[in-house]
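Visitor: Using the hints provided, position chains W and G relative to the given structure of chain X.
Chains as they are written, first to last, in this note's numbering: chain X, 1199 to 1462; chain W, 10 to 634; chain G, 81 to 355.
Hints are supplied without guarantee of correctness; some may be wrong.
[Said to hold, decoys possible] No more than 30 Å apart at the CA atoms, straight line, and that leaves these computed lysine-lysine pairs for DSSO-like: (1) X:K1200 x W:K280; (2) W:K601 x W:K518; (3) W:K601 x W:K114; (4) X:K1200 x G:K163; (5) X:K1200 x W:K370; (6) W:K158 x W:K280; (7) X:K1200 x W:K600; (8) W:K370 x W:K129; (9) W:K600 x W:K280; (10) G:K192 x X:K1226; (11) W:K277 x W:K518; (12) W:K280 x W:K447; (13) G:K163 x W:K518; (14) W:K518 x W:K280; (15) W:K129 x W:K114; (16) W:K518 x X:K1200; (17) X:K1200 x W:K277; (18) W:K191 x W:K129; (19) X:K1200 x W:K114; (20) W:K518 x G:K192; (21) W:K118 x W:K277; (22) W:K282 x G:K163; (23) W:K600 x W:K518; (24) G:K192 x W:K277; (25) W:K601 x W:K129; (26) W:K439 x W:K191; (27) X:K1200 x W:K282; (28) W:K518 x W:K282; (29) W:K280 x W:K191; (30) W:K114 x W:K370; (31) W:K600 x W:K118.
Derived from the structure by calculation, the hints contain no laboratory data.
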Amino acid sequence: MKHALSIFAFTILVSAFYWYVSLWVPQKRTEPPEDIAIGQNLSTEEMVAIGEEIVAGKGTCLTCHTMGESGTGLRFPDLGNIGALAGSRVEGQTDVYYLAASMYDPNEYVVPGFVAGMPAVARPPIALTDDEILTVIAYLQSLGGTPTVTMATELQWQGQNEGTAQAAATVAAGANRDGETLFTAYLCNTCHTLDGTPLAGPSLQGVGERLSQAELYESVLNPDATVTEGFAPGVMGALLTATGFHEQVSAQELQSLIEYLSGL
Amino acid sequence: MYCVAVRWTRHYDEIVSEDDMSMTRPRRATAWRAFTVGLLVVVAMALFGEPAMASPQEADPEYRTLPFVSSRVVMWIIAELHLMFAAFVLAVPMFAVIIEYIGYKTGDKRFDQLAYDFTKLLSVSFSFTATLGALLTFALIVLYPALTKYLVKIFSWTFLPYVLLFFFEAVFLYAYYYGWGKFSPRVHLFLGIMLNLVGTAIMFIANAWLTFMNTPSGIDEMGNLTSLWDAINNYIWMPINIHRLIANMAFGGAIGAAYGAYKFLGAKTLKEKAHYDWMGYIGIFIAICALLPLPFAGYWLGVEIYAYDQSLGITLMGGTFSWLFIVQAVLIGNLFLAANYYLWLSMGRIAGAERYRHLIKYLLAVITLCFIVWATPHSLVATVEEARAMGGSHHPILNVLGVMSAKNTAVNLLILTTYVSFLLYRRANKEATVSWAKTGNLVQFGIFAVVVIFVVFLGVLGYFVDAQTRIGLSQPQVYSVLFAMVSVTVIDIFLFRGANTRGSIEWGKIPARAQYALFFLAITFAWLMGLMGYVRAGMRQHWHVYGVIRDTSVDAFTPTLGFAGMIVSITVIIFFLFIAVVFYLTGLAGKKNYEAPEKSGRRRFRRAKKANTQVPAGSAAPDAS
Amino acid sequence: MNLLPLLLIVALLVAIRFATVRWLPLNRLAWLAIWWVAIYAGLATGIDPPLPSSIIVLFMAIVSLALVAYLSADSDELTSAIKAVNTFIVEPRFRIGLIIVAVAVPALTAFKVYSDLSSPPQPPSSGRTIHPPPPASINVSGQTVNLATATNPYRELEHSDQAAFAEHVANGRRIYFENCFYCHGDNMQGAGMFAHGYDPIPANFNDPTTIAMLQESYLFWRIAKGAPGLPSESTPWSSAMPAWEEFLTDEEMWDVIIFLYEFTGYEPRAQGMPH
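If we strip away everything but chain X, and leave its shape as in the complex, we get:
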């Protein structure tokens, strides 16, 4: 019996030794590639969870919008209590309709005191799908309210963006667009005007005379290197990162964009 026990102890010892060896080498856990497929029968909690992820990630909403901040310094409406407010923002419209409208066609209703400037998130480059927008609505409703939307909810805008999303994608792949097209394609015009009115970003009127090409490159590729007085640093950089600008823009496109800007 004694030797059986010591053999068993020996077995544990040797196994533990090999376990130690396997711990000694670099540890790497490989995750499977992520799918953003959204099923058709999600529970409300699941929708809220996915929506929250999209708001912080792909949707890039938090680049401009704040969560639970108040005061006068806000550039865009705060979303902290949007679930409670959405139903009463526009007379006679449900909160679901209002939230959906703000995403598909953001400039239809602009909250008083704010400047119109939000891009339609259903269109490229953010290009949320209809399903994703439903989950975002669920999440926004949950902020101070109760989500009523389901994956089966039908909205009047659904389906209309598919064609455009496709088209935009093919155009993006096909290069050789001139700087002016690119200026709108990459949504620069959302924040920058060409007529001297500052929006979220400074106007680019006459920017070609103020900045050299190298400086223009720098302002696009590393916007925080020099920030125009009176504007918040970090906003443009975050927005470009969030929309995937640096991943999408090709070297040729960047060049023509800069040439366009230096001619302004």
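Guide: Below, chains W and G alone, put in the same frame as chain X:
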């Protein structure tokens, strides 16, 4: 029949889904009843395969989960345990028949007894294997219903021969075991050979299922079956068959040796000690012989994996798993070290062996050096400062050791060194009397010298030629090592014909730590098997069936090596607990009969009986051979 | 190799050997301890550039195993070694030595902890995968390239049309020196003028473990997709390699691959061969 199966499956879904909501104790009991029921389902499906699965209304879940443990870990441990037992059960008949045949040819009763000793381990192990296999099937159906459904759809027609063969396996196995000494030797040997053939066929069928998951063939893009034979005969089916056949032999030998060691340590008499010392020696001899060709079978397997899909191959050899092969190198290095260690200690029981003692340190130096070369990783773990000092992520000197050329050379030299240890062991008590003894020794030495120089030369040459040629170089290395071993053995046999002996081998005169070395070898073999099982399954990454069925469960990630090592360790410990039960139950047969203590009249009878049964006839201590 | 320390270690070993034969016979245990220290000193000081500490630990673990095996492979030696240890612990004449050992062990441990903590903080060592598995196919300039089967379209010219091949080599040379050489260097050793700012440093193509063991399709993937195309185990965020498909045409990339092999003298690995 198949309606019944469907009904049960449904019933079962209800149970399990309820269970998920609230896992209370009475419910658990229901779940366990369902486990038993599931066994029936397994049989039903094995027999009637396809129809039982194709019920369109049934909205099967893709996965079911267990409380507390992840499904994958449960599957992993069960499958590995089943595999280890199966390997053992398939391997033992192979060498039992060979040993029995040697006994039959030489008329030496000891071999017959030894073969019987090995076979005694079989019957309990066979039941364990079958039970674990049923548990595995069952776990598959419960935890991975969608995957199981797909595999059943593809392989339904292989189940019938599988079950039939299993039936025959049982018949032959018990006929071989219970029929020991009851048949004429030829008939008995025939039974043994049939047992081996049937066992091998069973393994081939099971291998088809699992190799299909790695390198699926015979299906169209939608995953529908186009050719069953192509699905069976997929890229790595044959390599895995051969690889497992050899590896089973090594593993079975090591477990057999562990049994010898276990009995040796518990032995009371010198006679018993002698017998089990000898058994351990034979077991490990088989294991090492089988271990030597294993790297080459593994190499073929690797080639086929690359041929199927390059990224599968690079995931295996170059990606995250490249570190796994460093762990493997440590295991195999330990195998060689322990095997040599055992041989050196074994020389203690031979008079005259002290003449060769001084050589051990040189052998050890070579083994250590080869071990170090083999375990040198290609990509190093280095801090930034260290990397800068090295001028990159590769070290200029270690780099030379981390590649194929160096490692092949190291393995070949390891094999050769182990062979030299064995040669020294063999001639420990002999003194050649033939007239050409001196020349013979010189020729042997010359062959070794030439082969070592040749192997090292090819290894060095590998750095200066292109990849294609370099891969080709490993073959002459192997052949020259084989040539050296064969030719030196032949010379040795003639050299020591009619040799003087300095004394016989005193079986049983060996320190206990040599027996622990045998255990160490058995554990290392088991661990190695577990590790390689992990990489075979792990290289599919997030696929159940590579490129066809994706793993969408929570366990789709590939775990860290440390985690895998923990699971392998746990599996190995459970396996040896089971093996302890096997050893114990096998030992019962030799125990004295139970007596009621108060009847003094029968005690006399018992004593008489004890004298009859204590030491099996023919287990007399073998002497030098 | 640092010959001086290595020679010194060997000389010391020889000296101890003669000294012990003469005056103070050492038992095997002591000898093994001396060997252990000598091998450690050799590994730690005798190799230039110094080995990473992880490798020294690995090697010393193997050496320790081997030495333990050696000691216990001979029953007589083992017994005498155990006896020597017993004597050392029990007998009063070794009392001072015992005290020294009893103090030295924790002191050495403390010193190790101290020296580890007082060295400047370093980023943790990383097990970056140098040659990760390539994807099955990639998309370059609108076309899908199957990496398992793709071959260099100009490679066949090497045998069929020497002159045309030479043109491709020349073109590859031009491209290399216009684009690649700033980092990979003028002799492809990964030591270009910008190389010193990077971690990981640029690949050294003369190293037999880089392009010599890879297929041309693999190089095409690495050049076309650059660092952004690496999988996460290869830390795409730390590599500075650009995705050259933005700047070069397919032909230019294949040409530069030809030039890499021509310049270094390596042959690309054939399709379908394992490591």
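Visitor: Going back to the hint list, which numbers does this structure go against?
Guide: 3, 5, 6, 8, 12, 19, 20, 24, 26 and 30
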